[in-house]
Amino acid sequence: MKTVAAIAPVLALAASLAAAPAFAADLTVAFPSAAPQGQIMVAVFNSEANYGGEGQPAQVAMLDAAAGQTSVTFDGLPDGDYAVRAFHDLNGDGKMNTNPFGMPVEPFAFSNNAVGNMGPASWERAKFAAAGVTTQSIDLK
Amino acid sequence: MTPSRRSFLMGAAALSAAVATPEMVRAAAALDAVAATKADWALATQDIEGDIARRTMRLVHGRAPAGLQGALYRNGPAKFRRPGGSATHWFDGDGMMRAFRIQDGQATLEARFADTPKRRTETELGAVVTPGFGTKGDARARIGSNDDANAANTAVMVAGDQIWALWEAGSPLALSASDLSTQGFVTLRDDLKGMPFQAHPRYASDGSIWNVGSAGGQAVIWHLRPDRSLSDAQVVPLPRASYMHDFTATDRHVILVLQPWVFATHAMPVTAGLAWRPEMGTQVLVLDKDDLSKRRLYELPGFFHFHLGDAWAERDGAIRFDVAASADPRFAVDGARVLVDGHGVVPGDPAKLALITLRPDGRADMTYSDVVGEFPKADPRRAGLKRSLTAHTSGETRGRPLPTGLAVHDWDSGRSHAFEFGMHQVVEEAVFVPKPGATAERDAWLVGPSVNLKEGRTELHVFDVARVEDGPVATWQADTALPAGFHGVWAG
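The listed protein sequences correspond, in order, to chains R and X. The C-terminal position of the first sequence is numbered 141 in my numbering, with every residue numbered one higher than the one before it. The C-terminal position of the second sequence is numbered 1492 in my numbering, with every residue numbered one higher than the one before it.
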């Protein structure tokens, strides 16, 4: 019994290393109603802290909306909770443009089409479980 | 130890305190008020549950004036209370557009809710959750941009075959003029999306339209062409971050009246962040329409106001305009809550008309009349030009909300003429409608509705400006009552 106890953490570690190929999600993020203009910036986060700006996104993509690209698939993500931030860079200047009072004027959205409460949608509202084939269809507004 | 009755009650109180927010208690009280202690005027802030299809109004008094053809579009809140939480302030109900159409001596009425993101969210949740002017809202609110909180409930302007429902802190919402259906928020230029477009555009004699939108210590000055496309929009700094519901204009000036109700903290609702500092006085900022960087600043004793009359310049260069002025913002903070409660005493005194004069030498003065009045309106043929008449609602008394009469004040003679319906009528803003082919200031009608509390009906009245004291020349009555609205516009 003592032996089993000793190797249990090793087994657990091995299982977690193997998890990526064994339990992987293919996440498709689609923007079906996006105008054929500019580019869509997509960032996928795997934790509340990173989503909240404390860390980096797990995945990013830039969709060439002008060329008709309105979806992207991230293959092989570890199963888990994710949230997406996206904005449509209509004029292709690489920035989220704002009006003179500082409010965004280019369409943006979050996974689940979640809306915030006087700010970005919270992790609680935007998070979703990715496992297997997962699709988020998002309306940029 | 056996739990005592007292400790059980304490526990229950703590539990109820945890789940029942003051807003929820107020919401419940507002719903209860329907059954219990409603004031005689409570019909004027009732909830409307659905759109009102077009119906014929019945002529109950006088006769339709020959030559009066057109539509009076009016906006105002018409849904305050939901089971899971209610608006607690008169300004935060869902906007409902009314159309009173007068054609061939007949009148019709229809009304339709503005289909806003706020209304959709709150219908889905069965609760008013969106913070507003005086309603706190709660954590369930969905606000990604200011237009997600847009109640589209304050005023209206005509734009071709559309009418635009106006609010204070967001975009105009375009509706179909023919069936009042919602078409969407108006973005006048892509880089100005979501900029506030306030509820009191001023019409210039060249057909163009001026408006403002304020955000703390700065304001956008809008200038629209006669076809409602954007001519120009400029952001100007303000000497103070003041609450501003209205502005005024002469043919050459944009005039911003900066009252001493100032944004002191970041808080929601809006009223929670405002502080009344009468010792600061009221500032009047005058901008040159041709060059908005040319500005003059005048100082007046502090007063509170929502509404200004059209301004004009005298030959000597003095600028004049009228205002419905109060001593303090107690109505805006507390009185408007009484209205949604459906009972209670409105604090403070009703607003009185006053005339402000800005002199070329930099002095400013303000002369109060004895006339109780709100919702000032003037001759559209004289917008920005010398005039003498102000039409306004009248008859409001201390403690009781809402006007009961209609009046015309002559600033030249100092004389006022009023018609008092009596306490059984809540009188709404009336618009000035010039008689066809006429030019004199008194050659006009006043067209506006009332809520007949006794009969439980909305009425539409036409007055002759020259003889307002004689009462309506025509009154039509609907088969239903709508709550009192805010502001309207005539489309002839």
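Take these hints with a grain of salt, some might be off.
[Stated by the list, open to error] Residues from chain X that keep clear of chain R, each with C-beta distances beyond 10 angstroms, as calculated:
hint	residue
1	GLU1110
2	ASP1190
3	ASP1191
4	PRO1196
5	HIS1245
[To be verified] Covered, in the sense of this in silico footprint (three residues per stretch, anywhere, with C-beta under 8 angstroms from a C-beta of chain R), are these stretches of chain X:
hint	region
6	1141-1154
7	1157-1165
[Said to hold, decoys possible] Residues from chain R that face chain X, not an exhaustive set, calculated with beta carbons under 7 angstroms:
hint	residue
8	MET41
9	MET96
10	PRO100
11	MET103
12	ASN112
13	ASN113
14	VAL115
15	GLY116
16	PHE128
The hints are simulated quantities; they were obtained by calculation from the structure and are not laboratory data. Don't be surprised by glycine CBs; every beta carbon is placed ideally from N, CA and C.
The hints, checked one at a time:
1. GLU1110: holds, 30 angstroms
2. ASP1190: Per Cβ check, ASP1190/X is inside 10 angstroms of chain R; nearest 6 angstroms; violated.
3. ASP1191: Its Cβ does come within 10 angstroms of chain R, the nearest being 6 angstroms, so this is violated.
4. PRO1196: violated, 8 angstroms
5. HIS1245: holds, 18 angstroms
6. 1141-1154: holds (count 7)
7. 1157-1165: With 0 residues in contact (Cβ-Cβ under 8 angstroms with chain R), the coverage given for the region 1157-1165 of chain X is violated.
8. MET41: Not OK, violated: MET41/R not within 7 angstroms of chain X, min 17 angstroms.
9. MET96: With a minimum Cβ separation of about 12 angstroms from chain X (threshold 7 angstroms), the hint on MET96/R is violated.
10. PRO100: holds, 5 angstroms
11. MET103: Holds, about 5 angstroms.
12. ASN112: violated, 11 angstroms
13. ASN113: For ASN113/R, the interface hint is violated, since the closest Cβ of chain X sits about 10 angstroms away, which is over 7 angstroms.
14. VAL115: holds, 4 angstroms
15. GLY116: holds, 6 angstroms
16. PHE128: violated, 17 angstroms
Hint violations for this structure: numbers 2, 3, 4, 7, 8, 9, 12, 13 and 16, all remaining hints satisfied.
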